[in-house]
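Respectively, the protein sequence lines represent chains A, B and C.
Sequence positions in the first sequence follow the numbering used here and run 1 to 500.
Sequence positions in the second sequence follow the numbering used here and run 1 to 298.
Sequence positions in the third sequence follow the numbering used here and run 1 to 324.
No wet-lab data here; the hints were simulated from the structure.
Just so we're clear, the structure is a prediction, and the values are computed from it rather than from any experiment.
All C-beta atoms in this analysis are idealised placements derived from N, C-alpha and C, irrespective of residue type, glycine included.
Hints should not be assumed to be uniformly reliable.
[As the list claims (entries may be wrong)] DSS-like, lysine-lysine: derived pairs with alpha carbons at most 25 Å apart:
(1) C:Lys179 x B:Lys13
(2) B:Lys110 x C:Lys316
(3) A:Lys89 x B:Lys224
(4) C:Lys315 x B:Lys110
(5) C:Lys217 x B:Lys7
(6) C:Lys179 x B:Lys7
(7) C:Lys123 x B:Lys285
(8) A:Lys338 x B:Lys224
(9) C:Lys223 x B:Lys7
(10) C:Lys316 x B:Lys104
(11) A:Lys472 x C:Lys179
(12) C:Lys123 x C:Lys28
[As the list claims (entries may be wrong)] Pulled a few chain B residues facing chain A out of the computed Cβ check, cut under 7 Å:
(13) Ala47
(14) Asn123
(15) Ile126
(16) Val127
(17) Tyr130
(18) Tyr131
(19) Thr134
(20) Pro225
(21) Asn240
(22) Phe243
Take a look at the letters that make up each chain.
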Amino acid sequence: MKRVLLAIAALALVLSAAACAPGAPTGAPSDQSAATGQPEKVIMTYLHGGAPPADMQLVVDAINRRIRDRINAEIEYYPLPIFEAFTGKYHVLLSSGERIDLMVIPFQNIVPYVDAGLLNPLDELLAQHAPTIMALSQEFPILQTATVRGEVYGVAPVNATYGVQTGFIVNKDWVTEFQIPEKEIYTLDEMGELFGAVKAKYPDMYPVCVNPNILFLSPFPIDSLGASASSGVLIGLESTQIVNLWASQEYEDFVLKMREWYEAGYIPPDAATTTATLAEQTNAGVCAAYPMIMEPVQTTTTKASFGFESVGMPTSINYYPSLSPNGSANWSVPITAKSPEAAVKFLDLMYADHELANMLLWGIEGKHFVKTDVEQVIAFPEGVNGQNSGYYVTYGLYGDRRYEYQWDVRATRRFTDEYTAANMKNPTKAVGYMFDPTGYTNQIIAIDAVVNKYNVALLTGSVADVRGTLEKMNAELKAAGIDEVIAANQAQFDAWLASR
Amino acid sequence: MNQSMRKENFAWKATAHIVLASLTVLTVLPFVLLISASVTEERSVIANGYSLIPPAFSLAAYEYILAEWGQIGRAYGVTVLVTVIGTTVSLLITSMFAFGLLQKGVPGLKVILILLLVTMLFNGGIVPTYYVYTRILQVRNTLFGLIVPNLLMNAFTVILVMAYIRHNVPAELFEAAEMDGANLFHIFFRIVAPLSTPILATVGLLTAITYWNDWINGLYYITKPELYTIQLLLNQINQNITFLASNASKLGNVDLRSLPSATIRMAIVVVAILPILLAYPFFQKYFAKGIALGAVKG
Amino acid sequence: MSSQSLVSSETTLLRKTAVARRRRNWSKITATYLLLLPGLVYLFFNNYLPMVGIVMAFKRIDFRLGIFGSPWNGLENFRFLFASGDAWIITRNTILYNVVFIVLGIVVGVSLAILMFELHEQKIARVYQTLILLPMLMSWVVVSYLVFALLSTETGFINKTILPLLGVNQPIAFYQEPKYWPFILVLANMWKGIGFGIIVYLSSILSINPEYFDAAKVDGASKWQQIRHITLPSLKPVVIIMVILNMSRMFYSDFGLFYQLPRNSGLLYDVTQTIDVYVYNALMTQNNFGMSAAAGLYQSIVGFILVIAANAAIKKISPEHALF
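If we strip away everything but chain A, and leave its shape as in the complex, we get (with noise of 0.2 Å):
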């Protein structure tokens, strides 16, 4: 017998010495090229669902010969998983020296990265070789997310819409068949009095999905000030007094109507603590509306996706708020750049040319979609669909966002620009602030440790003392340091209004 284990042992190790055939090396001698006038190599960061697509490197050819030519770069994808780009990865991949020259940094706050030392100060090379970000910074907020504390670390896509308007999509044929007559703005009552009537028809159905990840969004216009509501919010158009969320009448109005919600049945039971995602709760037929952002988009996937056609009914006005990092992506370059400047190079091509960003997002004309005669409108070629196309599943973060090719005309520019603009006629006092929360990060991480105690309770109607826990709450927040927080951001919030 031991004489197996001895020779099973010294097969492994044979076998893993011969398996150790070394990956990529990881810190690339610097890159040489430009003296020697070979293209500049840019590696990006490609962000997927999983597993690389298929014709992956297919596209960064063609990608590559569209632009080599002209910026005498060419790119290498660096793919991960996109939720990767959550879990501290970038930190330990940079940290270890891992070249990355471009890298985006998706729906979080970029400052940690910045005060980790992880990510280069971009304001010369922008000046120098991005001449098409610098003009469109000066009509969209792209520069916004990743200033800190004057300097910009990132460029952010322009955004097909801005601001928000928040409402339920609901199922098309409930608003025919209770004969809802079509509003600019319905009142939670009205919407409760819709679910009541669908619940009165359909007893076994909570017509509202909500669960962890979907949740209510509030029916009065909130400002974050570029940051979350940890510390603090404006509440309305016309407010400049950031004021705690939680404690506020408006805050808790609405949760209690979410409990009366709750109590009448409008709303699954297990709604704070489910494992089903928002498809799996429509597809059973559990429910067939929840809360969502009114743009234009959302109302076209879900016959695809849940199986019945959508009308949107918006419960706030249009408003446009300060931006919040977590809405949106930011492109930097990391410390561990080679190529900093043909980065930028090829990040400003991606606003100037918009070929260029639709084949990052969806592949080769031809192979991955085909045009069609609506503008801007695009679909699968013959033969070809989501599962078995070699490039689909990515993610929008490309340059400007509005030229995006989209696969329903309701999510093209006629419908974005329009409700861009109806949002950007009410701006709250907040808009293009920041809030630098250094020097406050415990007490920042106490109150979100609070408030992730009872946010999704209280959010989807599942506590009882509705008025109880609020004070619990707030009892805590004191404890965790709220009121320093909101009047540490107030006294910088007044300092950038006066310096208007």
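Keeping the supplied structure of chain A fixed, place chains B and C upon it in accordance with the hints.
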């Protein structure tokens, strides 16, 4: 054996059966639930929850797995390879280390023991570990990267093996062999190891399960899908679904229907658990004591 | 004079034996270190080289300057552990659960191992052994789905089937009521881990020389007496080792158990949040490696102190069982 002793024996055996059988049922029940969920129709699972007997039978989940077999089958292969190699090498290194530490008359062993214990307590964290493995040892996208980091040997099992040998393998045995001029390796492989099969089997099983279940090494050191392990794959799928579920509105272009549903995830789990069950009987043969001590004592 | 010479001759004799012993032992020493070599190499690269990273706990990390060039900031990184009102709660939770887990683990594990030993000659014992180990294969994520299936308000097995059987018509919202969770968590942990404990103790019992039991039976000892005088004492070393080793983990917790199983339900935090879960939640958005290093160091130091203390205590009681 007299009457009362026989009765007592019976009582004990009966109690043992009752207790262990009920415990077994309790441990098996969740698995039945799992398997049942994987063959239930998706709609029923969401609307009615899980149940022991599927109200609506459907093999759709397994069809999906068969369709994706390329990826899943390959992940299987990688995981099996990693587990077999890892467990074997780990057992070897661990038991050799444990035996080495037990030697008398060798200077410096107490220091090494303390160094070992310290590793159980203090850890540099992922940043320096990642640096060591990727910059110094270059294990990215290799089998080494799945087998070695944090899993190859740990203080807990070394100490278990040490304790077992110290208390169950009589020192006289190897002192006698030493006197006869046998070298240490001979003593270890021919005398001590065969007598330690229970603990080696125990530790071996634990190690095999740990390797089978691990996805952290894959998360950090593997970027090529060809080297994904089955647990990493499952974890990727779950994380992806959770991520998309909470961010679909920001991304806009995602077809949520193409994501694996709850029943598919359950099916992948079932598929991921089955092979390791084969390891159990393999190790169990060795749980029972090895050579009777009596024979050696004479 | 005479004593001097006696001493000197004694010393010479000792020295000669020592030289002889050393000469005899060189091969043993080499062989021992050869046995230790693979493990030592592994420990060096896997544990000791990265251990320099512990300094991150005391630095304000700026990767531009590297880990060693970053400025020191004293105990600043540790503050967040104590800033929230929950610091005491998370510590209390971690310690209490661990104590319960250790005690129950030993009591239940040993009892079941003894029962298993009763049957070890029968084939059915193998079946029990296999099946009891099954839960180790399931990750906590999957278990959390199954527990949700059990406890969910709407579709859960307990609320839909069991409670109506008992005549209770109002469903219990388990995920909002903290009071059930200490039991649920302890039971879940037992379920998952007991199999391994049983095997460890069983393998110890199996190596007891059967002659002892035969002799005891001849002397007319009852089962209870056999257990008290033979089985349990032979388990003492293993149990003591398990206790000491678990002391080092006193401030750690099984992340999957405390985070996944309660589905991260905020209302349950007061009874389900341990130090590891708290640190995870706190640093999810901060990505501050100095702080996570500080948290890890905090846990390590407490574990270190406890191990030393436990070992010292054991040394006083039964010195041959101490670790070092």
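For this structure, which hints from the list above don't hold up? 1, 6, 12 and 14
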